[in-house]
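All chains, please: the whole structure from these sequences, using the hints.
Chains as they are written, first to last, in the working numbering: chain A, 1 to 265; chain B, 1001 to 1323.
There could be a bad hint or two in this list.
Derived DSS-like pairs: lysine-lysine, alpha-carbon spacing no greater than 27 Å straight-line [as the list claims (entries may be wrong)]:
{"hint": "1", "chain 1": "B", "residue 1": "K1137", "chain 2": "B", "residue 2": "K1084"}
{"hint": "2", "chain 1": "B", "residue 1": "K1084", "chain 2": "A", "residue 2": "K7"}
{"hint": "3", "chain 1": "B", "residue 1": "K1235", "chain 2": "B", "residue 2": "K1260"}
{"hint": "4", "chain 1": "B", "residue 1": "K1196", "chain 2": "B", "residue 2": "K1221"}
{"hint": "5", "chain 1": "B", "residue 1": "K1262", "chain 2": "B", "residue 2": "K1025"}
{"hint": "6", "chain 1": "B", "residue 1": "K1262", "chain 2": "B", "residue 2": "K1235"}
{"hint": "7", "chain 1": "A", "residue 1": "K7", "chain 2": "B", "residue 2": "K1125"}
{"hint": "8", "chain 1": "A", "residue 1": "K255", "chain 2": "B", "residue 2": "K1221"}
{"hint": "9", "chain 1": "B", "residue 1": "K1196", "chain 2": "B", "residue 2": "K1234"}
{"hint": "10", "chain 1": "A", "residue 1": "K4", "chain 2": "B", "residue 2": "K1262"}
{"hint": "11", "chain 1": "A", "residue 1": "K4", "chain 2": "B", "residue 2": "K1143"}
{"hint": "12", "chain 1": "B", "residue 1": "K1303", "chain 2": "B", "residue 2": "K1260"}
{"hint": "13", "chain 1": "A", "residue 1": "K255", "chain 2": "B", "residue 2": "K1084"}
{"hint": "14", "chain 1": "B", "residue 1": "K1143", "chain 2": "B", "residue 2": "K1125"}
{"hint": "15", "chain 1": "B", "residue 1": "K1303", "chain 2": "B", "residue 2": "K1234"}
{"hint": "16", "chain 1": "B", "residue 1": "K1025", "chain 2": "A", "residue 2": "K255"}
{"hint": "17", "chain 1": "B", "residue 1": "K1084", "chain 2": "B", "residue 2": "K1025"}
{"hint": "18", "chain 1": "B", "residue 1": "K1262", "chain 2": "B", "residue 2": "K1303"}
{"hint": "19", "chain 1": "B", "residue 1": "K1137", "chain 2": "B", "residue 2": "K1125"}
{"hint": "20", "chain 1": "B", "residue 1": "K1221", "chain 2": "B", "residue 2": "K1260"}
{"hint": "21", "chain 1": "B", "residue 1": "K1196", "chain 2": "B", "residue 2": "K1125"}
None of these hints come from the bench; they were simulated from the model.
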Amino acid sequence: MTLKTIKAYARAVAITFEITLRQNFSDAFIIFAVIVQPMIIAILALWMLRDIGGDIGIFVIVGSGLTGLWSGLLFISGNSITGERWVGTLEGLVASPTPMAVIVFGKNLANVFQSLASMIASYIAVALLFDLRITIEQPWLFAASLLVTVVAFICFGLIMAGLFVINPAFAQFQNGLEFPIYILAGFLFPIAMLPGWTTPISYVLAPYWAAVALHGSATGSVPPAEIGFAWLMMLVFSLVYVLASGRIFRIVLRKARVDATLSMQ
Amino acid sequence: MNAIQVDHLRRVFTTNVGRFRRESKEVVAVDDVSFAVGDGELFGLLGPNGAGKTTTVKMLTTLLIPTSGSARVGGFDVEHESQKISSTIGFIFGGERGLYWRLSGIDNLRYFASLYHVEPAVAAKRIPYLLDLVGLKDRGNEKVEGYSRGMKQRLHIARALIHDPQILFLDEPTIGLDPVGARELRLVIRNLQAEKKTILLTTHYMFEADMLCQRIAVIDKGNIVALDTPEELKKLVLDLSVIEVEVFGVQDDLLEKIRKQKFVDNVSVENRDQRQILTVQTPRGSEAIPDLMAIFDGRRVGKVTSREPTLEDAYVRLVGGDA
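See the structure below:
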């Protein structure tokens, strides 16, 4: 790959990021799923748990932010190829010299970036309503955890976009996948509260490791070594997702050209 | 080397039928199509609905994989070298879809310019030029959702030209446009022809093909039934004259009766508001009018005229009145 091609792909990612954000902000469903719903979850959770005291405020904010990230990933990134097909633009994208994976990467970047806004929205809502002073115990570790989480979620989105196209059965379970991941990944309460048999499932989910790193660094309840291990797990999973998604995209696009499903007739 | 080379192209679609006992059914959209388009040529692909025009164009634009046969565009194989073809071609399919309606015309062009690896400085000059070319200079900042159908079609043309491709595929670009919009679009196509672009145009408007195309292939039921210049195609019906009869509510049995007459070569019907125009091709010219009127047997008939055959008549003869 030449430097010129890399620059062209970088420009394609940048404009896809911009265009996706602008389109998302004019979509009421996306605003609800990514900003309003996490805020409601944060307010309800804090209202129920406020008597526990301690660092519950930051736990709830980080957890509700993660719910926004996951919902955005599931509904927006998951539909990033099928959505283009619905509006009739997929043919134009597939026929362009920019690989589909690069375009979907730009879209996921925008979706994850937008979802981070939900964490800020939750922070403001909780701070105002409950008059809480919220502090992040290990800000540098938290910032680094957030960065690795963003990478992991973007890569996870690449896989989901491909899977939702390759097999419509995945898309049928889209709604049903939202809350189980909130629970299995420990967004709102520790997975130690769940039955033991669910733990292995949590361990193979990148969002679980994101929750460990973000909750741990925000509350200061997890040693730095464990946070580092969570980063490692997220990066390993990300690598697997990127390698698998390259293959999935090739299969998806070849299949779509064979089955004539790039456009909706 | 030809810009487009098509050899025995075939495309079969498989669909499932039946609710409980689902069975696969094969539909042959393109049966056996071969043709070549030279550099800088404006080539027409004519045919009735379902003849295989769009399927052929989709295979040539790499959006569909052929079932068998081969095609090369710009010297590259459409199945195995699609990435190399992508930057050399532009395409539009008739209709309003394929644009981002919540974005402005300019933003749509900016996006596709980047995806087609157009340098930002080049895109900054090319976008205003293209908006001017397609008559959207003053509306470029407006959201596409507010555009008329014709404006969206013209924006499609600008999108297809954003990377200055040498080969263009225009699939029924004027369909659904009002007469003024269609005329403006034909002017744009003429200008592109003057720029020596290779253009493959599909249409079922005969006068459009006659006006624009240097050569025309007529496709019917997935096969090329004729391929020549418009002038040569018209010669296919030099032995015929055309009688046009204005009728009101023509029945199928009457049409069948006319079709069976020895002096009738072909019959087609075109609806115009409350009336129909019955077009009868006959080697007997106006002499056949009395015999034709006798078949109507007192039914209400309007104006009856006789004229020389056109490209449309050649087309009707080739596709057997299915147009």
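Checked hints:
| no. | hint | verdict |
| --- | --- | --- |
| 1 | B:K1137 <-> B:K1084 | violated (32 Å) |
| 2 | B:K1084 <-> A:K7 | holds (18 Å) |
| 3 | B:K1235 <-> B:K1260 | holds (24 Å) |
| 4 | B:K1196 <-> B:K1221 | violated (31 Å) |
| 5 | B:K1262 <-> B:K1025 | violated (39 Å) |
| 6 | B:K1262 <-> B:K1235 | holds (22 Å) |
| 7 | A:K7 <-> B:K1125 | holds (20 Å) |
| 8 | A:K255 <-> B:K1221 | holds (26 Å) |
| 9 | B:K1196 <-> B:K1234 | holds (26 Å) |
| 10 | A:K4 <-> B:K1262 | violated (69 Å) |
| 11 | A:K4 <-> B:K1143 | violated (32 Å) |
| 12 | B:K1303 <-> B:K1260 | holds (23 Å) |
| 13 | A:K255 <-> B:K1084 | holds (19 Å) |
| 14 | B:K1143 <-> B:K1125 | holds (21 Å) |
| 15 | B:K1303 <-> B:K1234 | holds (25 Å) |
| 16 | B:K1025 <-> A:K255 | holds (19 Å) |
| 17 | B:K1084 <-> B:K1025 | violated (34 Å) |
| 18 | B:K1262 <-> B:K1303 | holds (23 Å) |
| 19 | B:K1137 <-> B:K1125 | holds (13 Å) |
| 20 | B:K1221 <-> B:K1260 | holds (23 Å) |
| 21 | B:K1196 <-> B:K1125 | holds (21 Å) |
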